[in-house]
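Student: Those sequence lines, one after another, are chains A and B.
Note that the first sequence covers residues 1 to 460 in this note's numbering.
Note that the second sequence covers residues 1001 to 1460 in this note's numbering.
Some hints here could point you the wrong way.
Stated by the list, open to error - List of simulated lysine to aspartate or glutamate pairs, DMTMM-like, C-alpha gap at most 25 Å: (1) A:K29 with A:E59; (2) B:K1080 with A:E5; (3) A:K19 with B:E1016; (4) B:K1080 with A:E94.
Derived from the structure by calculation, the hints contain no laboratory data.
Protein chains: 2
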Amino acid sequence: MKKNEIPYKIYLDEQEIPKQWYNVRADMKKKPAPLLNPGTLEPMTAEELAPVFCEELVEQELDDTTPYIDIPQEIQDYYKMYRPSPLVRAYRLEEKLQTPAKIYYKFEGNNTSGSHKLNSAIAQAYYAKKQGLKGVTTETGAGQWGTALSMACAYLDLDCDVYMVKVSYEQKPFRREVMRTYGAKVTPSPSMSTEVGKKILAEHPGTTGSLGCAISEAVEAAVTREGYRYVLGSVLNQVLLHQSVIGLEAKAALDKYDIVPDVIIGCAGGGSNLGGLISPFMGEKLRGERDYRFIAVEPASCPSLTRGKYVYDFCDTGMVTPLAKMYTLGSGFIPSANHAGGLRYHGMSPVVSELFHQGLIEARSVEQTVVFEAAKMFAREEGILPAPESAHAIRVAMDEALRCKETGEEKTILFGLTGTGYFDMVAYEKFNDGVMNDYIPTDEDLEKGFAGIPDIPQNK
Amino acid sequence: MKKNEIPYKIYLDEQEIPKQWYNVRADMKKKPAPLLNPGTLEPMTAEELAPVFCEELVEQELDDTTPYIDIPQEIQDYYKMYRPSPLVRAYRLEEKLQTPAKIYYKFEGNNTSGSHKLNSAIAQAYYAKKQGLKGVTTETGAGQWGTALSMACAYLDLDCDVYMVKVSYEQKPFRREVMRTYGAKVTPSPSMSTEVGKKILAEHPGTTGSLGCAISEAVEAAVTREGYRYVLGSVLNQVLLHQSVIGLEAKAALDKYDIVPDVIIGCAGGGSNLGGLISPFMGEKLRGERDYRFIAVEPASCPSLTRGKYVYDFCDTGMVTPLAKMYTLGSGFIPSANHAGGLRYHGMSPVVSELFHQGLIEARSVEQTVVFEAAKMFAREEGILPAPESAHAIRVAMDEALRCKETGEEKTILFGLTGTGYFDMVAYEKFNDGVMNDYIPTDEDLEKGFAGIPDIPQNK
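Sequences are here, hints too, so could you generate the full structure?
Tutor: The structure is reproduced here in structure tokens:
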């Protein structure tokens, strides 16, 4: 196909926004392992999950057989406010790299939350509202998820209680103000408003908090109050289901021009973007219809797939959540200060973990300075200043394209551009000033994290 | 037409992006007054303007007869990277306001500069490159224009020297870093790098700068170096010409669904967005083909149209520019600290000024707290966190819609949403905390500004 036949941006029409999510678990022969109750070590039942998550989300969490699940009309209406998102042909980047590869990216950053997180936030808020709840609680670190959830709650007139890691609350006031503008109550964590917060503050006075602690507070704030449930922006099966809208739209746009990607690349923290992007393509691969390469990109500072263990572990540092079987660095692992806050998670979605374990996904870890080099070149060529998280996928997409330059292969590369970096300029400043460091945990660092993995029969 | 027939967002196809700009001056019977040489008081010639602006831009600046001017292919290609911009039907806002009015907005914020400024930045950078120049210089206050220009210069591989008002340079480091990421050299103004900067620093040690001073430095940096020219993001005729792409796209999208707006609303600082948005509609009005109401919205703190004088004045505080006939508060007028930095300009585009003088445009001034009330409601309903500048137009669009609610009129309202407020969260924080003030200059304040208007025969 000639260059000029394919536009810079392929937009779907509004009526082409997916009306069903795709549940990749339905096509997996070996399913992801179930969540376990840490007390009984038995699979969590719907009844056990009901105090934490709202009913329909529990159903979605446990359903690994239904391939397509209807998107309620109200969620479709909200999607129309910022979707379909564009599938962009990176003509300028290709030219700059002098590569024969064709590069496409699915850009999820054209909304005020600045990322793909809104796709699941609106779904989770909708089901909470439908169940007649008063509100939801959550934690946020860098703030993308908290922002997305506060937007969704404003739309549906739900209370939104966000526990924001204290150091971010103080050092990143802008995202906090976006959340407040949308009506969310933002509490620096640890706080005196929960028992677990009080306990942590008593033990560690002056602590600036952690994501693990904020999760524990948010869960407590949900389960101890009438009419509230806890929501989470990644890792969970339900979140990957909602995020399949990314892959479904990308595939529909590519199909319009008979484009078939050879390799599909996404950054992976908890796995929500990667899982959503690859889902429909992975479905084809699982059903034996077509083959694709998939690459998960993670920071070298937090290498759960490339250096972690595939075992049952807690999803949070406070060990209040169920156990999930996943690639993990241990729930007590503290990643070094990497600027891609959204990728600093010790574990990985059970779906992505199982697919990786089966050899269906490759994984690569990259260091942050080369990631920012890619980010800067991308910004200059393609005009979009990427989030540090997204830039991990850009880095590997560029590496793949440069390999094509050597081999002469005309591969088609698709990657997920999850969001914009407008609230990450402190990181860019460090890079611009030449004072950014790379952080790679030593084997000893990893052993410390692994030591915290529960010693249970399933992990033998 | 039924609600469901019109989508939330009307996108044009890439091939429907305008291929010509529309020059509204060509259809004005009484033309805007020419720029004057402040020494001779004669109209500025192309030769006199050539040391400051590049050749083709001088031609565009002076051309008040050619109605359509071709957009070079390279600029069209760049436009494709972030255009066409969506025309959005504000279904949610209409519902919230319970108005029979139909509200549309043209959203120009989906690009990294965060505003419409990129439409002219790429054009000005292109002509500079075409002329074989090394680079361009400019000033920036809040930073939207500087960001847009740095993006355009990165794309075209041109030097970009930005003089940024010192107080913004220090207090708003994020936009500065966006510019640096795009390779711009950002200098806090006043600086020791220009004669005028040195002089100002000697006279006012410790000054935090002003837009007027930054303009003077940028002009000096252009005219004293081989291969550089000065560029400006608003006010000029050429800028309004480039920004006509906003109105042309808006009109093409409306035409697809046979929608005819009754009233068209834009915020107005220097007039680039308003002028661009209304141009093709104003053309129809000037040619007697169709009637529209146009409303320019300005901050009560800087009310050039509603309380200014229509006279010849300098475009900058340092009085180094030509004289422009415009509604002005005097080039020495210092607007109070309003958070809509892009609207804090003492003058107004000569085109917009003349159209207003002829009674073809209405003007309204609004106070900033009611503007932020509108911004917050808009963010919650429509999902887009608006720039404070844009929120001025939202305020008046909402006021018009609420009037329709009283009268029962089913008017169609179109307004320009120039950009996003992601770099304006300090302002939102003040609003969220309830500590935002309104600033309205007294008649005495205005008299002080008027006293600085040059006492020349043309102003009698």
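Student: Against the 25 Å threshold, does the CA-CA distance of A:K29 and A:E59 hold or violate the hint?
Tutor: 20 Å, holds
Student: For the pair we were handed, A:K19 and B:E1016, check the Cα-Cα distance against 25 Å.
Tutor: 28 Å, violated
Student: Given the hint that B:K1080 pairs with A:E94, test it: the Cα-Cα distance must not exceed 25 Å.
Tutor: Within the cut-off at roughly 16 Å; holds.
Student: Holds or violated: are the alpha carbons of B:K1080 and A:E5 at most 25 Å from each other?
Tutor: Holds - the C-alpha atoms of A:E5 and B:K1080 are around 14 Å apart, at most 25 Å.
Of the numbered hints given earlier, the model fails hint 3 alone.
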